[in-house]
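Chains W and X, in that order, give the protein sequences.
Counting from 1, one number per residue, gives the positions in the first sequence under my numbering.
Counting from 115, one number per residue, gives the positions in the second sequence under my numbering.
Quick caveat, the hints were computed from the structure, so don't treat them as lab data.
Just so you know, these numbers come straight off a predicted model, no measurement behind them.
A couple of the hints might just be wrong.
As the list claims (entries may be wrong) - Subject to a maximum C-alpha distance of 20 Å in a straight line, what follows is the list of computed DMTMM-like cross-link-like pairs (lysine to aspartate or glutamate): (1) W:LYS36 with W:GLU99; (2) W:LYS18 with W:GLU102; (3) W:LYS36 with X:GLU178; (4) W:LYS40 with X:GLU178; (5) W:LYS18 with W:GLU99; (6) W:LYS41 with W:GLU99; (7) W:LYS19 with W:GLU67; (8) X:LYS172 with X:GLU202; (9) X:LYS183 with X:GLU202; (10) W:LYS41 with W:GLU67; (11) W:LYS41 with X:GLU178; (12) X:LYS163 with X:ASP209; (13) W:LYS18 with W:GLU56; (14) X:LYS163 with W:GLU84; (15) W:LYS40 with W:GLU67; (16) X:LYS172 with W:ASP85; (17) X:LYS163 with W:ASP85; (18) W:LYS40 with W:GLU102.
Stated by the list, open to error - Chain X residues, not near chain W, derived (Cβ > 12 Å throughout): (19) SER126; (20) PRO145; (21) ASN155; (22) GLN159; (23) ASN175; (24) PHE177; (25) LYS182; (26) GLU185; (27) GLU202; (28) ASP209; (29) VAL224.
To be verified - Which chain W residues face chain X? A few, computed with CB under 7 Å, are given here: (30) GLU24; (31) PRO42; (32) MET46; (33) ALA87.
We treat Cβ as the ideally placed atom computed from N, Cα and C, and that holds for glycine.
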Amino acid sequence: ETGVTQTPRHLVMGMTNKKSLKCEQHLGHNAMYWYKQSAKKPLELMFVYNFKEQTENNSVPSRFSPECPNSSHLFLHLHTLQPEDSALYLCASSRTGGERYEQYFGPGTRLTVT
Amino acid sequence: AQSVTQLGSHVSVSEGALVLLRCNYSSSVPPYLFWYVQYPNQGLQLLLKYTTGATLVKGINGFEAEFKKSETSFHLTKPSAHMSDAAEYFCAVSDPGNQFYFGTGTSLTVIP
């Protein structure tokens, strides 16, 4: 596998379910990101991890819970979601260290909350 | 603060015609600018980036963009559109903490 992978690619869940999204990067990067992409809106940055430490949480509801066990893996745990949480969830990674580096994106998980 | 405005949420061009997608930015620091492309059911793929130096930047698939500081613009162009260019295009600016700020995207349709 190369680049950034995400599983599952599609997920349908009820509002009372608990599920997790997984992201893995094979690029040797030290920063990982979760974004939410909704129609007609800019990408919304949700969480940022640098060297496994969370450095950004952009006022994301607590029903979204990130986990970063190491620099290569990132999870987004979901529970008691709302229909408005239906969106494409994108994971990205980048280098870090005093420069501004491009981010590399995974293919996304299309989430539908019923 | 950083922000990006993409003028035109939808652009249609004929196959073989010039592609011009507009991006204007606001940045409190010297900007690093990016163009990404998103094909259906896929993530974002980097087309090109501007950091410092030469203001005309060439990217993949024949695209290029020119950084114009006086106009705070970073428009994306391609001399001749191909059917495979149909996709969503996003302009972005990053801040010193490497946080990215994306525009709302421009959907490009190529008419045969």
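Outcome of the hint check:
For the hint linking LYS36 of chain W to GLU99 of chain W, the alpha-carbon distance of about 25 Å lies beyond 20 Å, and the restraint is violated. For the given pair, LYS18 of chain W sits about 32 Å from GLU102 of chain W by alpha-carbon distance, which is inconsistent with the 20 Å threshold. As the CA atoms of LYS36 of chain W and GLU178 of chain X are separated by approximately 28 Å, the hinted pair breaks the 20 Å bound. With a C-alpha separation of about 25 Å, the suggested pair LYS40 of chain W and GLU178 of chain X falls outside the 20 Å cut-off, and the hint is violated.
Pair hint LYS18 of chain W plus GLU99 of chain W does not hold up; C-alpha atoms about 37 Å apart against a cutoff of 20 Å. Between LYS41 of chain W and GLU99 of chain W the alpha-carbon distance is near 28 Å, which puts this suggested pair outside the 20 Å criterion. Taking the CA atoms of LYS19 of chain W and GLU67 of chain W, the gap is near 13 Å; set against the 20 Å cutoff, the hint holds. Between LYS172 of chain X and GLU202 of chain X the CA atoms are separated by roughly 19 Å; this keeps the pair inside 20 Å, and the hint holds.
As the CA atoms of LYS183 of chain X and GLU202 of chain X are separated by approximately 25 Å, the hinted pair breaks the 20 Å bound. With a C-alpha separation of about 25 Å, the suggested pairing of LYS41 of chain W with GLU67 of chain W is violated against the 20 Å cut-off. Proximity of LYS41 of chain W to GLU178 of chain X is assessed by CA-CA distance (about 25 Å); at most 20 Å being required, the pair is judged violated. Between LYS163 of chain X and ASP209 of chain X the alpha-carbon distance is near 14 Å, which keeps this suggested pair within the 20 Å criterion.
Using a Cα cut-off of 20 Å, the hinted pair LYS18 of chain W and GLU56 of chain W is violated, with the two alpha carbons roughly 23 Å apart. For the given pair, LYS163 of chain X sits about 33 Å from GLU84 of chain W by alpha-carbon distance, which is inconsistent with the 20 Å threshold. For a cut-off of 20 Å, the pair hint linking LYS40 of chain W to GLU67 of chain W is broken: about 28 Å separates their Cα positions. Between LYS172 of chain X and ASP85 of chain W, the direct Cα distance comes to roughly 37 Å. Violation of the 20 Å bound is thereby established for this hinted pair.
About 31 Å separates the Cα atoms of LYS163 of chain X and ASP85 of chain W, which puts this hinted pair outside 20 Å; it is violated. As the CA atoms of LYS40 of chain W and GLU102 of chain W are separated by approximately 23 Å, the hinted pair breaks the 20 Å bound. The claim that SER126 of chain X is not at the interface with chain W holds, since no C-beta of that chain comes within 12 Å of its own (minimum 18 Å). Listed as a non-interface residue, PRO145 of chain X fails to keep its Cβ farther than 12 Å from every Cβ of chain W; the least gap is roughly 9 Å.
Here ASN155 of chain X does not stay apart from chain W, with its beta-carbon only about 7 Å from theirs, under the 12 Å limit. At roughly 7 Å from the closest C-beta of chain W, the C-beta of GLN159 of chain X falls inside 12 Å, breaking its exclusion from the interface. Distance to chain W confirms ASN175 of chain X as a non-interface residue, since its nearest Cβ pair spans about 16 Å, more than 12 Å. Distance check for PHE177 of chain X against chain W: the nearest CB is about 15 Å away, which clears 12 Å, and the non-interface claim stands.
Every CB of chain W lies more than 12 Å from the CB of LYS182 of chain X, the least distance being 20 Å, so the non-interface label holds. Its beta-carbon lying about 21 Å from the closest one in chain W, GLU185 of chain X satisfies the requirement of being farther than 12 Å from that chain. Not every C-beta of chain W lies more than 12 Å from that of GLU202 of chain X, the closest at about 10 Å, which undercuts listing it as non-interface. Distance check on ASP209 of chain X: its Cβ comes as close as 8 Å (rounded) to a Cβ of chain W, failing to clear the 12 Å threshold; non-interface status is violated.
Once the 12 Å rule is applied to beta carbons, VAL224 of chain X is consistent with being away from chain W; the minimum gap is 21 Å. Given the 7 Å rule on beta carbons, the hint for GLU24 of chain W is violated: about 13 Å separates it from the nearest Cβ of chain X. Satisfaction of the interface hint for PRO42 of chain W is found here, the shortest Cβ-Cβ separation to chain X being roughly 5 Å, below the 7 Å cut-off. Hint status for MET46 of chain W: violated, given a least beta-carbon distance of 12 Å to chain X, over 7 Å.
Contact between ALA87 of chain W and chain X, as hinted, is not supported at the beta carbon level, the nearest pair being about 14 Å apart and thus beyond 7 Å.
The structure shown violates the earlier hints numbered 1, 2, 3, 4, 5, 6, 9, 10, 11, 13, 14, 15, 16, 17, 18, 20, 21, 22, 27, 28, 30, 32, 33.
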